[in-house]
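S.K.: The listed protein sequences correspond, in order, to chains A and B. FYI, in the working numbering the residues of the first sequence are 1 to 285. FYI, in the working numbering the residues of the second sequence are 1 to 316.
FYI, nobody ran anything at the bench for these hints, they're computed from the structure. Even for Gly, the Cβ is constructed at its ideal location relative to N, Cα and C. Careful, some of the hints might be misleading.
Here are some, though not all, of the chain B residues that point toward chain A, as calculated from beta-carbon distances under 10 Å [stated by the list, open to error]: (1) Ile29; (2) Gln30; (3) Arg180; (4) Asn314; (5) Leu316.
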Amino acid sequence: MVLAQILLNGILLGGLYGLMALGMALVWGVLNIVNLAHGALIMLGGYVVYYLFTLGGIDPFLALPIAMVVMFCAGFALQWGLLNLVVRSKMLNTLLITFGLDVVLTFTAQLLFSADFRTINPSYAGSNFPLFGLTVPIVRLAAFGVAVALAAALWFVLNRMPLGRAIRATAQNLVAARLYGVNPRVLYAVTFGIGTALAGAAGGLYGMISNLTPYIGASLTAKSFVIAIIGGLANPFNVILGGIFVGVAESLTALYLGPTYTDVISFGLLVVVLVLRPKRAVRAA
Amino acid sequence: MMKRWTLIVAVIVAVALAFVPLVGSDTMIQFGINALLLATLAQSWNILGGFGGYVSFGNSVFYGLGTYGTAIAMTNYNLPFGVGLVVGVILAMIGAALVGLPILRLRGPYFAIATLGLNGAMMAIFSNLPIAGSNIGLVLPLTRNDTMFYELALGLLAACTLTVLWISRSRYGMGLIAIREDEDAAGTMGVNATLYKVSALILASIFTAVAGGIHAYWSTFVDPASAFDSTLNVRMVIMCVFGGPGTVFGPVIGSFVLSTVYEVLAAQISTAAALLFGFVIVLAVVFMPRGLADVVKGGKGLSWRYFIRNIRENRL
Numbered sequence: 001m002v003l004a005q006i007l008l009n010g011i012l013l014g015g016l017y018g019l020m021a022l023g024m025a026l027v028w029g030v031l032n033i034v035n036l037a038h039g040a041l042i043m044l045g046g047y048v049v050y051y052l053f054t055l056g057g058i059d060p061f062l063a064l065p066i067a068m069v070v071m072f073c074a075g076f077a078l079q080w081g082l083l084n085l086v087v088r089s090k091m092l093n094t095l096l097i098t099f100g101l102d103v104v105l106t107f108t109a110q111l112l113f114s115a116d117f118r119t120i121n122p123s124y125a126g127s128n129f130p131l132f133g134l135t136v137p138i139v140r141l142a143a144f145g146v147a148v149a150l151a152a153a154l155w156f157v158l159n160r161m162p163l164g165r166a167i168r169a170t171a172q173n174l175v176a177a178r179l180y181g182v183n184p185r186v187l188y189a190v191t192f193g194i195g196t197a198l199a200g201a202a203g204g205l206y207g208m209i210s211n212l213t214p215y216i217g218a219s220l221t222a223k224s225f226v227i228a229i230i231g232g233l234a235n236p237f238n239v240i241l242g243g244i245f246v247g248v249a250e251s252l253t254a255l256y257l258g259p260t261y262t263d264v265i266s267f268g269l270l271v272v273v274l275v276l277r278p279k280r281a282v283r284a285a
Numbered sequence: 001m002m003k004r005w006t007l008i009v010a011v012i013v014a015v016a017l018a019f020v021p022l023v024g025s026d027t028m029i030q031f032g033i034n035a036l037l038l039a040t041l042a043q044s045w046n047i048l049g050g051f052g053g054y055v056s057f058g059n060s061v062f063y064g065l066g067t068y069g070t071a072i073a074m075t076n077y078n079l080p081f082g083v084g085l086v087v088g089v090i091l092a093m094i095g096a097a098l099v100g101l102p103i104l105r106l107r108g109p110y111f112a113i114a115t116l117g118l119n120g121a122m123m124a125i126f127s128n129l130p131i132a133g134s135n136i137g138l139v140l141p142l143t144r145n146d147t148m149f150y151e152l153a154l155g156l157l158a159a160c161t162l163t164v165l166w167i168s169r170s171r172y173g174m175g176l177i178a179i180r181e182d183e184d185a186a187g188t189m190g191v192n193a194t195l196y197k198v199s200a201l202i203l204a205s206i207f208t209a210v211a212g213g214i215h216a217y218w219s220t221f222v223d224p225a226s227a228f229d230s231t232l233n234v235r236m237v238i239m240c241v242f243g244g245p246g247t248v249f250g251p252v253i254g255s256f257v258l259s260t261v262y263e264v265l266a267a268q269i270s271t272a273a274a275l276l277f278g279f280v281i282v283l284a285v286v287f288m289p290r291g292l293a294d295v296v297k298g299g300k301g302l303s304w305r306y307f308i309r310n311i312r313e314n315r316l
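Just need the whole structure built from these sequences, with the hints factored in.
M.R.: Here is the structure:
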């Protein structure tokens, strides 16, 4: 029974992990930028929802779409004004600039929001209901639902809408897409904006389940990266499945080895996955 | 190829630096030790990162291993400092080989992100090791001799820079550069890429570990948070990239410039100093993707057009 409960918790948490990775996978797949500031953007989204809730009194789940709009604009501006300037340079340089951005965002957050732990804590935060003898926490279940819904929305946009067609065409061949009337600067900015909006939603949900501090970015980036590789960059649903895999693995580690080892395990998992799937690693290099 | 006068200037600067403890104040010597150790870290990162093109965000692990190797040898077994350093270096070399063999098969961003997790994993392991004092850490015997530590750090930086100078002129360095430019082509030309990359990481781990050992003995205290300090990765990468990755003196100049700026700023406002570091790396990538060394090489012909050209080359 304990095991079943742990598995359930892992799956619900994993859905959120998948949502975290969704934006990173999209930006990576289309723009060929591995965004090391992705975790910091998740953190920022978390703070936007936190302040909408505490200062604005808006229910956190209703604040999510607002936060997504705010983060979309931030992401659009970032790509338009800064990242578009270096997007053609070597992978080393795009890695470094997003690493620099991560530092800037982290310490700006520290100056603005202080280093205190923050939790988005609505009245129903602790409530849960029993199901087949298991306890289902409402917030986590809702977070899982939002993650799956957003993955479905992304799938719909990518596969059924003109914007999605333009994004996929650009990912396949930038020059050809340009010839067919796609403006790459705008399209890159829109894609990055969608990625940041997804990160913002993930941050809001993360703030309801765990603690927000300015320093959560780096570990969330690493986690998103692992999941993006496990799930692949092409299909949003596979990314969610990858998230569930990592969530379950972490929960089992915490149960059998102790919670201090979850970092070691997710790192170990990353190396194992990278080494076992060398084809993909070579292709993107 | 490097001009002769660059070498002469470098030697003169190094000799002049050696005499700083005779004239400088205590604060200045202590700042010097930190700056020299950081420059060593940036220079050793340069071996694989600058020449080989493999960006590692996990070299602080070798610093931590050097720190703990020295500390464990000196406190638990009462061995002298020199032996402690050797223990630290051996630990770091083993660590580099164990880490390098699997993850150096990965390329580009895969390698970089695989190294991101290293530091956290090592910190978790050392926090649970009784021989390393678990969470509490170890206290080393006290030696108040800042001049000795200063000269040690200077010697280490000189040794590291000489090694990089040798690399830049040797067949080995050419191999690393070939790997950076096109790993498949390098393989076709007979460069054993795995051997080159792993040995470059091991070479880097040696200098990084000695820097860690010196710092441990100097500060007389080691705990998981200070030994596996992830901001150290940030600093060494930024200093090297700011100065000019893949050059001999770029990382040293970059570290000295940034250490000084950081020291001046940190005296005023501490968070802003970290923030400035982030801005420096962002602006450096946009305006001078080949580093300070490339800007200086432009000499008198340098104008704002150089920076515009850099942007034009890389923008969408």
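S.K.: Verify the interface restraint on Leu316/B: the C-beta must sit less than 10 Å from at least one C-beta of chain A.
M.R.: holds (5 Å)
S.K.: Verify the interface restraint on Asn314/B: the C-beta must sit less than 10 Å from at least one C-beta of chain A.
M.R.: Result: holds, 4 Å to nearest chain A Cβ.
S.K.: Would you settle whether the hint for Ile29/B is holds or violated, based on the nearest Cβ-Cβ distance to chain A being less than 10 Å?
M.R.: With a minimum Cβ separation of about 29 Å from chain A (threshold 10 Å), the hint on Ile29/B is violated.
S.K.: For the hint on Arg180/B, does the least C-beta distance to chain A fall short of 10 Å?
M.R.: holds (9 Å)
S.K.: Have a go at the Gln30/B hint: is there a Cβ in chain A nearer than 10 Å to its own Cβ?
M.R.: violated (25 Å)
Hint compliance for this structure: hints 1, 2 are not met, and every other hint is.
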